[in-house]
Amino acid sequence: MGLVMPLSVCTFSGFFKSFTSPIHVLIPCSEVTSVICGTLHSVDQYLNIKLTDISVTDPEKYPHMLSVKNCFIRGSVVRYVQLPADEVDTQLLQDAARKEALQQKQ
Amino acid sequence: SLEDCPLDEDEDAFQGLGEEDEEIDQFNDDTFGSGAVDDDWQEAHERLAELEEKLPAAVNEQTGNGERDEMDLLGDHEENLAERLSKMVIENELEDPAIMRAVQTRPVLQTQPGSLNSSIWDGSEVLRRIRGPLLAQEMPTVSVLEYALPQRPPQGPEDDRDLSERALPRRSTSPVIGSPPVKAVPIGTPPKQMAVPSFNQQILCPKPVHVRPPMPPRYPAPYGERMSPNQLCSVPNSSLLGHPFPPSVPPVLSPLQRAQLLGGAQLQPGRMSPSQFARVPGFVGSPLAAMNPKLLQGRVGQMLPPAPGFRAFFSAPPPATPPPPQQHPPGPGPHLQNLRSQAPMFRPDTTHLHPQHRRLLHQRQQQNRNQHRNLNGAGDRGGHRSSHQDHIRKDPYANLMLQREKDWVSKIQMMQLQSTDPYLDDFYYQNYFEKLEKLSAAEEVQGDGPKKERTKLITPQVAKLEHTYKPVQFEGSLGKLTVSSVNNPRKMIDAVVTSRSEDDETKEKQVRDKRRKTLFIIEKTYSLLLDVEDYERRYLLSLEEERPALMDERKHKICCMYDNLRGKLPGQERPSDDHFVQIMCIRKGKRMVARILPFLSTEQAADILMTTARNLPFLIKKDAQDEVLPCLLSPFSLLLYHLPPVTVTSLLQQLMNLPQSAAAPAPSNPHLSAVLQNKFGLSLLLVVLSRGEDLQSSDPASESAQSNPWTEVMFVATRELLRIPQTGLAKPISIPTNLVSLFSRYVDRQKLNLLETKLQLVQGIR
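Chains A and B supply the protein sequences, listed in that same order. Per the working numbering, the first sequence starts with residue 40, numbered consecutively. Per the working numbering, the second sequence starts with residue 594, numbered consecutively.
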């Protein structure tokens, strides 16, 4: 799998590109929140997320999701995204954000 | 009110109303009554549903010469339009080999005289010629327009057709912006009873006048039904060509997921290798066509599934990378056979990734494949497969987009992926995988394992072209449109920054502001640091004559950083520690200092170290929550190896808060206690002691001399250490090995044992 994304869009696009293992996405649905876990397929500039091979953490609560394998999640409804900690280099991420801020200033 | 109006005025008013009524009646009649076009949307819908069955026959007849006349007319008109368009298009973009490769090129047809060169929309001449051979081989490709129009039985040249109806409105968007064509008619409008335009016309202008409601992502027809001449010519015997997305799987399907679905089924022999793949640029169109075109409307950024055409950006994968598995025996399960016949080539999709990333992904794929093989996970999907097979054959929504349309879409996406400086634009990704590689390289050096290929990601750098914004202008219109887009952003609001006055600030505010100032200084220094860290790369990339200037710049920046750290104030001989301590109270400040230290000169770094040692208890207290101080240990250790003995001695004094003179020591030494109770403090102390011992033992002159500063200090130090109660001593990060020998010089056996136990210097099984 590979993520192909516009390069100059955002630091976080490049950040999301580097993942290979499943991530958890927490979605609010009015009263109840559900956690969808899946492999990141692609991300866009609005941080809309496409996940493949998803699973829901609480299948009894959301049985309608049993048959869903892939999904597209609008970025605005995502509350949290839980990422595998060992795949994240926070120092590097901070640097990337700083560089981008510098670039924008220029 | 009405009563107040005089009668005669009323009459006039009523007459006016009456006239209005007549007009309204006329409008109504036109819209709903007899004057209106007889348009039954239900009928049109049924026609649409039957369209695909009728169409093959109809189309084949249409490609005769009968319609040459109108086509010429149309052709001219379209040529005109296309010419104008091509003039508006900026040529440079189209010369990009990557982009052109993404778009299905037809090199044969470029020689056609009179055809337009390198325009987004090929001239009508060009397309007319290809229509013939195309239709002979493939299922008719019908554009969106075709679907929307009612099917008429094939007719000869019709002079009575209204030409103006066929003339498509001009494009009113600048092609530079790259937005899809503007809809002339809103979505969902039932199609007008237009004359059936020639088949060619639709191909020429993919801009949909009538647009269907958003469709789910469609894929091109399965293999065998839809192949462009290019594809057919270049890959004659491959059985797996077609498109990477088998229609039987859900839409947005990544290669990884495909691998999982295959569940251990191996790919058929005869698959194309990546190098072959590169020769067939037409593939780019297909996977990207699976995207919902709606996402494109008006915006440049969008979701991008993997694009095999992206390969053009990168050099061929290095030889060490294992080629995709070929020559594998067929896998289990008859239901999987069908899948495999349309098996996607997911490996080539990944060549645009960093080699390390690719390796990781392949590893995962292997793991997943093994899992699936064990679990026989694909079994339950077999049922789905067979039912989907029927769907594949009569997919009513296939071929809705022409190859040209798909190419257009993929061209837009490819343009986005161009980057003049991928290192800057994609900083995180590149560096992350570089670091991973370095780590694995380091591990290998230790582990003495097989040497992996140290592959680098080579990306071509596209020269950045300045596109000056030319506002869109129409013929015969006044003025220019101001369209704000990604290429030429317009300022919406003028925000003026006003600074607050310095009067009436309370104490709290001052404290807050001080912290803010410190944060600000930290960020400024961070920018400098990132710049300085980048210099090595720039140095390599620069020319010979530029290098001295670069070095000077770098030195200057390092001095600036140091000044920022120490807070140089005019009129002060020695800067106070306060500024530095403030920085060190903030977590990112500490991290930053750790990163800056290697760049500083020895004196500067020693100064920092001394200041830290002096204020260590305070810093320890502030670090209670963050616990980030240990990150400073390794740069400090490195620094210690460059320090002269004098400095080390005074450092030890500072660190332990030893009394300067040989007077009676104070009853308690809270400074030292605090230091010893902190992991960082204790570790630093041990390292300093170790270094001192190293220096001492390596210098023969001081060996003999009984009294030198170090020895004196050591006596005091050991005395202090013995005095300190053992409550809550921290566990050091690392224990240098020469401490026992160090202490043995200055204390007797008994006290040595005490010290050992207290500081846990001897590691062993007790």
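I should point out that these hints are in silico values taken from the structure, not numbers from a laboratory. Even glycine gets a Cβ: it sits at the ideal position worked out from N, Cα and C. One thing to keep in mind: the hints can contain errors.
Said to hold, decoys possible - Looking from chain A toward chain B, a few residues come up when the C-beta cut is under 7 Å (computed): (1) D97; (2) Y101; (3) L131; (4) D134; (5) A135; (6) R137.
(message) Is the interface hint satisfied for A/L131? The criterion is a beta-carbon contact with chain B at less than 7 Å.
(response) holds, 6 Å
(request) Let me know if the C-beta of A/R137 comes in closer than 7 Å to any C-beta of chain B, holds or violated. (result) Interface hint status for A/R137: holds (6 Å vs cutoff 7 Å).
(message) Does A/Y101 hold up as a contact with chain B if the rule is Cβ-Cβ below 7 Å?
(response) Nearest chain B Cβ about 19 Å off; hint violated.
(request) Classify the hint on A/A135 as holds or violated, based on whether any CB of chain B lies nearer than 7 Å to its CB. (result) With a closest approach of 4 Å, the A/A135 hint holds.
(request) Let me know if the C-beta of A/D97 comes in closer than 7 Å to any C-beta of chain B, holds or violated. (result) Check failed: Cβ of A/D97 comes no nearer than 22 Å to chain B, outside 7 Å.
(message) A closest beta-carbon separation below 7 Å is what the hint needs, so does A/D134 meet it against chain B?
(response) holds, 6 Å
In summary, the numbered hints that this structure violates are 1, 2.
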